[in-house]
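Visitor: Once you have looked at the hints, place chain C on chain W.
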Amino acid sequence: MENIQKKSYFSSRKTRNRIVNTLLTILTWVLISIIMIPILFMLLNSFRSRTDIVSSTAPLIPQVWHPENYTKMWAAFKFGPLFLNSMIVVGSTTAIATLIAAMAGYALARFRFPGADAYSLAVSGTQLIPGTLFFIPLYLTFLWIKNNLGIPLVGNNLGAIVLYIGFYTPISIWILRGFFASIPVDLEEQAMVDGTTRFGAFFKISLPLAMPGIVSTAIYIFMTAWNELFFGYTLGVKTVPVGIRAFIQGAAGTQLRYDYMAAASVVVTIPITIMFFALQKQFISGLTQGAVKS
Amino acid sequence: MTDLAIKTTPKNTFGRKLHHYRIAYVFIAPAVIFMLLVHIIPTIQAIYMSFLDLNTRTLLQYLRAPFIGLEHYRNIIVGITSGTGDSLIKGLGQALNNSIWFTIWTQGGTLLISLILALLLNREFRGRGIARTLVLLPWVVPTFAVGIIFQFIWLQQGGLANRILFSWLHLVDKPISWLIGPNTRTALIIPAIWNGLPFQTIMLLSALQIVPVDLYEAASIDGANAWQKFKSITYNYLKPVIFTTTMFGVIFTFFGFGPYNIAVSLFSSDNLGSFNNLLTIAIVRQTFNNQLYGYGAAASVLVMIAALIFVGVWYTLFRKSLISD
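Going down the list, the protein sequences come from chains W and C. For the first sequence, position 15 matches number 15 in the numbering used here, and the numbering has no gaps at all. For the second sequence, position 10 matches number 10 in the numbering used here, and the numbering has no gaps at all.
In short, the hints are calculated from the structure, not lab data. Computed from a predicted model, the values in this text were never measured in an experiment. Treat the hints with care, since some could be wrong.
Claimed, not checked - Pairs of lysine-lysine, DSSO-like flavour, derived with a Cα cap of 30 Å:
{"hint": "1", "chain 1": "W", "residue 1": "K14", "chain 2": "C", "residue 2": "K320"}
{"hint": "2", "chain 1": "C", "residue 1": "K320", "chain 2": "C", "residue 2": "K231"}
{"hint": "3", "chain 1": "W", "residue 1": "K204", "chain 2": "W", "residue 2": "K78"}
{"hint": "4", "chain 1": "C", "residue 1": "K320", "chain 2": "C", "residue 2": "K239"}
{"hint": "5", "chain 1": "W", "residue 1": "K14", "chain 2": "W", "residue 2": "K78"}
{"hint": "6", "chain 1": "C", "residue 1": "K229", "chain 2": "C", "residue 2": "K239"}
{"hint": "7", "chain 1": "C", "residue 1": "K320", "chain 2": "W", "residue 2": "K281"}
{"hint": "8", "chain 1": "C", "residue 1": "K17", "chain 2": "W", "residue 2": "K14"}
{"hint": "9", "chain 1": "C", "residue 1": "K229", "chain 2": "C", "residue 2": "K320"}
{"hint": "10", "chain 1": "W", "residue 1": "K204", "chain 2": "C", "residue 2": "K231"}
{"hint": "11", "chain 1": "W", "residue 1": "K146", "chain 2": "W", "residue 2": "K204"}
{"hint": "12", "chain 1": "W", "residue 1": "K72", "chain 2": "W", "residue 2": "K238"}
Stated by the list, open to error - With beta-carbon atoms standing in for the labels, derived distance ranges:
{"hint": "13", "chain 1": "W", "residue 1": "T196", "chain 2": "C", "residue 2": "I210", "range": "34 to 42 Å"}
{"hint": "14", "chain 1": "C", "residue 1": "L70", "chain 2": "W", "residue 2": "N147", "range": "31 to 39 Å"}
{"hint": "15", "chain 1": "C", "residue 1": "E217", "chain 2": "W", "residue 2": "A246", "range": "46 to 54 Å"}
{"hint": "16", "chain 1": "W", "residue 1": "W144", "chain 2": "C", "residue 2": "G129", "range": "48 to 56 Å"}
{"hint": "17", "chain 1": "W", "residue 1": "T57", "chain 2": "C", "residue 2": "I210", "range": "48 to 56 Å"}
{"hint": "18", "chain 1": "W", "residue 1": "L43", "chain 2": "C", "residue 2": "W168", "range": "19 to 27 Å"}
Positions of the beta carbon are idealized from the N, C-alpha and C atoms, including for glycine.
Same shape as in the complex, but just chain W (with noise of 0.2 Å):
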């Protein structure tokens, strides 16, 4: 009797549960259909006539497509120029910033010299300074550094890649000392041994093991200088960002034109999406792991 009173409990349980799953998974799904709206919704828009997108009643998939959209968008945005410039300014300073981190990183993680406490609290306090405050007298400066030294930093890519250098080693030197702190330093030392100097040790055997860090730390610095609109525009680069800004701005007034806006959000999506999810794996547990770590 009571051997089956027990099994029928349990089956119950297990359908309750089984129920409770199927509802959680149901939800889940939900959610994510949710977040992925805007990302449909703008794939679908930048196929669809400007007038289709401004009206009520238009159909949402449209029954003519215009893939045109994209090619008028690229003329009328000048997109070509922005693209290359976007690539060299990101490019350069993704390589360069972590290249420097890893560096800096690396020492922090190794040596207890006389200094890295002050310092990794003064890499951590560049955070906790708005870009408003320091921005007029690095833009003087900037300004300074052409006209005296003969350095173009104002009006040129150059300027944009030492500004984004400076602002986002701080943080990538955080992800990668928690990287290098995990590596074992038997490696480096039995090299060191057989000769290899300090610096060959770290190219030659600490960088390799960090590839993870290294990847997530250049991932999370391109992509987030592919997305700097403010600094650039104010130095007088002609980024991605700028070019959109600039665009709809000279619009302000008139109909916005929806369709290129569209496109041109489309395009500005896709190096980092593929980038992205090439080395997705890697960024998520680098990233994670160097959280972690610090």
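Guide: Relative to the frame of chain W, chain C by itself:
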């Protein structure tokens, strides 16, 4: 040769120590140079600037502009707290208020939804890998494009929100104007949450994965229900991550340029109405359009002090709970 060697011989003079670690200084040198150039030197200049009457007339004198001490600070603090300031100060006070609420809603919303998502995605179900990838998608959209694509959602005519609420479900009796008036608050908070979800979800998900499963099993045997298990086990593992991500989230939402990018492209202008006049946007506009550089620097210093106080309070509030683990 190695670090251990120096640690076991403590009787080193400072100079010898510096010499011993010279390689470390070589390694940090490039990062230090950029930090000095981009952060430290400009910040010191800016703090000094905040004591100067630096505006259009005195711009050429730059750091030799008339020294007025704490005048800007006095004007801002007295103006905001007593409500007697000029239109500039009133605008700043309004922006401060907007930014505080915007930060609370955005960070609160992001944390709540990402927590739900992380818990859901941590379960075993078919297609989990795909679901975990799809949830990252909002992250790859650049912030200035986030503003653009949410325009399509909020357009009064043809926007998706009004189609759903008005045309399909008839929940409202006329199309809502999302991009003008008080609704602009919602129109800005939702894209900001949407954009911040993936990062927070990934961080929480990775923390969930280190929770030992046997803790749950033991709790089940003790008869704990789902909420009790969450409170006494899961939350302890999530706390350190929530501590860090929310701290930076609050700071970057409060004075960062992410919300600036979203807002400027969402409303196609940096001249935002009184509901979305956030701190960063207000300071940039007041400083540059009116060329009040000294005043702008003082306002920014106050923002930085607010951030420092926040970090201090945040640490004191959470330090105990972090150590007790």
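Visitor: For each hint, tell me whether it holds in the structure or not.
Guide: Verification of the hints:
1. W/K14 - C/K320: With Cα atoms ~40 Å apart, W/K14 and C/K320 exceed 30 Å; violated.
2. C/K320 - C/K231: Given that 30 Å is the threshold and the Cα spacing comes to 17 Å, the pair holds.
3. W/K204 - W/K78: violated (43 Å)
4. C/K320 - C/K239: holds (11 Å)
5. W/K14 - W/K78: Roughly 62 Å between the alpha carbons, so the hint for W/K14 and W/K78 is violated.
6. C/K229 - C/K239: holds (15 Å)
7. C/K320 - W/K281: Violated, at roughly 34 Å.
8. C/K17 - W/K14: The hint is violated at about 67 Å.
9. C/K229 - C/K320: holds (21 Å)
10. W/K204 - C/K231: violated (46 Å)
11. W/K146 - W/K204: violated (38 Å)
12. W/K72 - W/K238: holds (19 Å)
13. W/T196 - C/I210: 34 to 42 Å: holds (36 Å)
14. C/L70 - W/N147: 31 to 39 Å: holds (32 Å)
15. C/E217 - W/A246: 46 to 54 Å: With Cβ atoms ~60 Å apart, the hint is violated.
16. W/W144 - C/G129: 48 to 56 Å: For W/W144 and C/G129 the Cβ distance comes to about 53 Å; the hint holds.
17. W/T57 - C/I210: 48 to 56 Å: holds (52 Å)
18. W/L43 - C/W168: 19 to 27 Å: holds (21 Å)
Consistency note: the structure conflicts with the earlier hints numbered 1, 3, 5, 7, 8, 10, 11, 15.
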